[in-house]
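2 protein chains.
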Amino acid sequence: MLSVYSKNLENAVNEIAKLPGIGRRTALRLALHLLKTDAEEVGQLTDRINRLKTDVCLCRKCYNISDSEVCDICANPKRDEATICVVQDIRDVIAIENTNQYSGLYHVLGGVISPMDGIGIHQLRLQELFARVETGAVKELILALPATVEGDTTNFFIYKNVKDKVLKISTIARGIGVGEELEYADEVTLGRSLLARTDFDVAYRKQS
Amino acid sequence: MLSVYSKNLENAVNEIAKLPGIGRRTALRLALHLLKTDAEEVGQLTDRINRLKTDVCLCRKCYNISDSEVCDICANPKRDEATICVVQDIRDVIAIENTNQYSGLYHVLGGVISPMDGIGIHQLRLQELFARVETGAVKELILALPATVEGDTTNFFIYKNVKDKVLKISTIARGIGVGEELEYADEVTLGRSLLARTDFDVAYRKQS
Numbered sequence: 066m067l068s069v070y071s072k073n074l075e076n077a078v079n080e081i082a083k084l085p086g087i088g089r090r091t092a093l094r095l096a097l098h099l100l101k102t103d104a105e106e107v108g109q110l111t112d113r114i115n116r117l118k119t120d121v122c123l124c125r126k127c128y129n130i131s132d133s134e135v136c137d138i139c140a141n142p143k144r145d146e147a148t149i150c151v152v153q154d155i156r157d158v159i160a161i162e163n164t165n166q167y168s169g170l171y172h173v174l175g176g177v178i179s180p181m182d183g184i185g186i187h188q189l190r191l192q193e194l195f196a197r198v199e200t201g202a203v204k205e206l207i208l209a210l211p212a213t214v215e216g217d218t219t220n221f222f223i224y225k226n227v228k229d230k231v232l233k234i235s236t237i238a239r240g241i242g243v244g245e246e247l248e249y250a251d252e253v254t255l256g257r258s259l260l261a262r263t264d265f266d267v268a269y270r271k272q273s
Numbered sequence: 066m067l068s069v070y071s072k073n074l075e076n077a078v079n080e081i082a083k084l085p086g087i088g089r090r091t092a093l094r095l096a097l098h099l100l101k102t103d104a105e106e107v108g109q110l111t112d113r114i115n116r117l118k119t120d121v122c123l124c125r126k127c128y129n130i131s132d133s134e135v136c137d138i139c140a141n142p143k144r145d146e147a148t149i150c151v152v153q154d155i156r157d158v159i160a161i162e163n164t165n166q167y168s169g170l171y172h173v174l175g176g177v178i179s180p181m182d183g184i185g186i187h188q189l190r191l192q193e194l195f196a197r198v199e200t201g202a203v204k205e206l207i208l209a210l211p212a213t214v215e216g217d218t219t220n221f222f223i224y225k226n227v228k229d230k231v232l233k234i235s236t237i238a239r240g241i242g243v244g245e246e247l248e249y250a251d252e253v254t255l256g257r258s259l260l261a262r263t264d265f266d267v268a269y270r271k272q273s
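From first to last, the protein sequence lines stand for chains A and B. With our numbering, letter number 163 in the first sequence gets 228, and the count goes up by one each step, no holes. With our numbering, letter number 68 in the second sequence gets 133, and the count goes up by one each step, no holes.
In isolation and in its complexed conformation, chain A is listed as follows (with noise of 0.2 Å):
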């Protein structure tokens, strides 16, 4: 697509053609658009984005990224320390706490149980959180997992291991989405919503 009298733009729009959902035409209009922007702007962005790489690591205990050894959410000492929300990746830590309806902590597994891609309990960060619950100050677990057969699987087999050890574990809802209409929910979601109704009280109570 790319004519060759400009190396270093067809370097850079390589490059940013990589990156996920960014194909060669976006990557080119992109590229175009850093031509003119100035370069101390465009510096900014570089190295804002070089300090992924070298000032951001995961936290030691949740797994969350964190700019020091220990996260913000473990550090804060306002967080609930006893409920734990096991979740698959670090988006969904950031989709959690835009809720503002969480005020706990977090385990991070890094996946979910999935052999047809590869990764078993040994790629997860299964043992890390079994060492938290070990320590006896976990009192409830939320398994906060993608609603997959990967996600149900993951879910047994943490239930089956700390299931003694913590005194109260629980997954997130499944039901028809706030706003969703019934008709168009699928009959899975549908029958799980109604198997798992809520008190109205209770209801009402967590929407406000």
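Be a bit skeptical, because a hint or two may be false.
Claimed, not checked - Here are the computed lysine-lysine pairs in the DSS-like style, where the Cα-Cα straight-line distance is at most 25 Å:
1) B:72 with A:126
2) B:118 with A:101
3) A:72 with A:83
4) A:72 with B:72
Everything labelled a hint here was simulated from the structure, so no lab data went into it.
Model the placement of chain B on the given structure of chain A, informed by the hints.
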């Protein structure tokens, strides 16, 4: 949208979200992808981007982007030096090059006359174009500016200034796009494509 648990991540997302067409959600996705990517590959991306500002300049003849003082197109002895195609932007050079239908040189104006946007004749590389014409080496000038009021204004301004010095001045054809249905074309385009109807032999020779 983002909490403060990684200032470095937030900074990177903020910078990436400044790019055109990239919202905060996409920026976050890209930043998290970069977090997982090898440091070496991320370094290559940022290095290539930085080089856009340090190693790319404008060709001093046609104002196309170039890695050296004169771009590969102007420096190519196989290109027809007597024909100059006037375009608005570097992007248009790339688009025309990709057609493989043009073997002349270019002149990148840097925009079109648009008083509403504060772009007058002194903000564009019009004097530079007239200087190229003045040498007498240009036999044909092809105006490939956008089919807008501003593009037409610029076309007329250039025409007025060079009509006595260039043998042939043309604009690219306005008409129905290849593969486009007539019923969906707007009336102005359809009208113009009738007025500028092409001789049958010429039309089919050009396509092959």
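| task | Would you list, in rising numerical order, the hints stated earlier that this structure does not obey? | result | 4
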